[in-house]
Amino acid sequence: MNRIKQKLQEDRKLLSIYFTAGYPQLNDTVQIIQDLEKSGVDFIEVGLPFSDPLADGPTIQESSTAALKNGMHTELLFEQLKDIRKTVSIPLILMGYFNPVLQYGVEKFCQKCQDIGIDGLILPDLPLDVYQDEYQSIFKKYGLINIFLITPQTSEERVRAIDEASEGFIYMVSSASTTGAKEGFGEEQAAYFDRIANLNLNNPQIVGFGISNAQTFQQATEKAKGAIIGSAFIKHLTQNGVNGISDFVNQIR
Amino acid sequence: MTYHADEKGYYGEFGGAFIPEMLYPNCEELRQNYLQIMAEPSFQEEFHQLLKDYVGRPTPLYFAKRLSEKYKTKIYLKREDLCHTGAHKVNNTIGQILMAKKLGKNRIIAETGAGQHGVATATVCALMGIECVVYMGEIDIARQAPNVARMKMLGAEVRPAKSGSKTLKDATNEAIRDWINNPVDTHYIIGSVVGPHPYPDMVARFQSVISEEIKSQLKEKEGRENPDYVVACVGGGSNAAGAYYHFLDTPEVGIIAVEAAGKGIHSGESAATSVLGKVGIIHGSKTLLMQTQDGQITEPYSISAGLDYPGVGPLHAHLYKSGRGEFISITDDDAMTAGLGLCQLEGIIPAIESSHALAIFENRKFKEDDVVVVNLSGRGDKDLQNYIDYFKL
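In order, the protein sequences belong to chains X and D. The numbering of the first sequence is this note's numbering, which starts it at 1 and goes up by one. The numbering of the second sequence is this note's numbering, which starts it at 254 and goes up by one.
Heads up, a few of these hints could be off.
The calculated SDA-like cross-link candidates involving lysine to any residue, where the alpha carbons are at most 25 Å apart (straight line), are [as the list claims (entries may be wrong)]: (1) Lys354(D) with Ser155(X); (2) Lys531(D) with Ile290(D); (3) Lys355(D) with Ser155(X); (4) Lys82(X) with Lys531(D); (5) Lys108(X) with Asn2(X); (6) Lys108(X) with Lys531(D).
None of these hints come from the bench; they were simulated from the model. All figures in this text were calculated on a predicted structure; none of them were measured in a lab.
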């Protein structure tokens, strides 16, 4: 069974951490992944940096720009990860924008992911209909789960269509925004979390965007299965490098 | 066979809407409504009234006698340079501001490179009394001070794009991010035939007034609606899309697209996307774009700020790939020379973008009785400093 599906069966709230590969230093990737697993994180989203990350706020943008400047690219990331399954067993998800995947070759990319032991992909700008028409069969062939996003503006009809097309979990964007820490969640978010919970979807939801500490993690996972932290962890890396990753994780839950 | 967009916004293999879910409701609202709104008689009436009384349309189709004598063919200039605000850009912003009103939006955002589209957007927002935020690369703000001032005078807020390369593509990214963060009350006025469906088709339709007028004006002057060739410069490609629009499916009309070769196509400082680009995704559209082998979008170069976009609209990618369009690249030097040539032969100072289109006549020869329409997309006032520096005036 795919590691993501297995993990989702555990009876507790899950914590996922995102970081940008090649940041802060080009060769930090493996150590960050290992330290996150040791700290008790449930799954990890490894960001493939892109020059024009439309859905991201300033923190992740800057980390992407820096990672590219450090020399990160798709082939190098695969090279860094080639032995990762010798030391790491939690689910690994690659997150990036579609163009670098397209240039690498979608099938070749998926095959490489399978070889390494990547469990899923999040490609925010690969739309549902294009995925279903052109790429679903390739993803399935290589055992990759494709994770879709929903937002507070996504209609119920579309949420259900996305649920239908999903296996694993649904990435629930907490508010109408790009990535980055907010002040916390208000009534609007609570109503949205309730609304989605009441749809009784087939797939569990993991909340992302705006989660930065124990309080926001707790709020986000009251109804949802888990939450994702990205920008707040990137900020931690900016300040501390690869030191103190377990301290960061421990203050979340 | 048609060269227009299909229902999903594809031109052949190009186009579509490669957008994150956060943008889906905005784009979907627009997609579901734009054709219907544009077809409403009240919309058409207001649009055409403003084009006439406010923009100054129809713009003349001028037979350039001395230019024609020099190049031994019949050259007509479509005088978009005479539009209010100095270029064709305003045709689209008038259309989109009316669209935004119909959709009940009360805030406008836009991206701009050199500032022409920003000025055209700030202008229509002032006209309608609607809040306007224009994103502009930090580097462009520094080198386009007069247009920044114009936007401010018109009441717009100019926000610097500080990410990435700090130019047009980053301003576009910032505008898209703003739209993600303001999904309900805001309309994004994209300035060219780029971006996710329905933008390329919608902007082309607003600009299509150019070729609509060419047809009737040519009928009057030459006794026929169709020229032998239509020539236009292509950055993102909105003036070209408008000039070609009503001729796209008329194969006897030759379509010539002129890109900026910068300091030479293979100099590393160029914006000749058809030659240097590969199929990829930029700003929500599948098209030809300049990128690294790894799929990172690269920064183009042209002396003309309106042509240094790393992609082309999906329509133009299709015209190139299908062979329907003839693509020519013109260097900075040849464009500047052609621009000065038009000043001295016809008394018209063209925008440097348009000078690229004018420069093809040196090497691309036409028959003596060919009727060639060049879309003179903008006037050169905004480029004066460039002309001064280049010719040491």
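Would you pick out the hints that fail for this structure and give their numbers low to high?
Numbers 2 and 4 - these are the hints that the structure violates, sorted from lowest upward.
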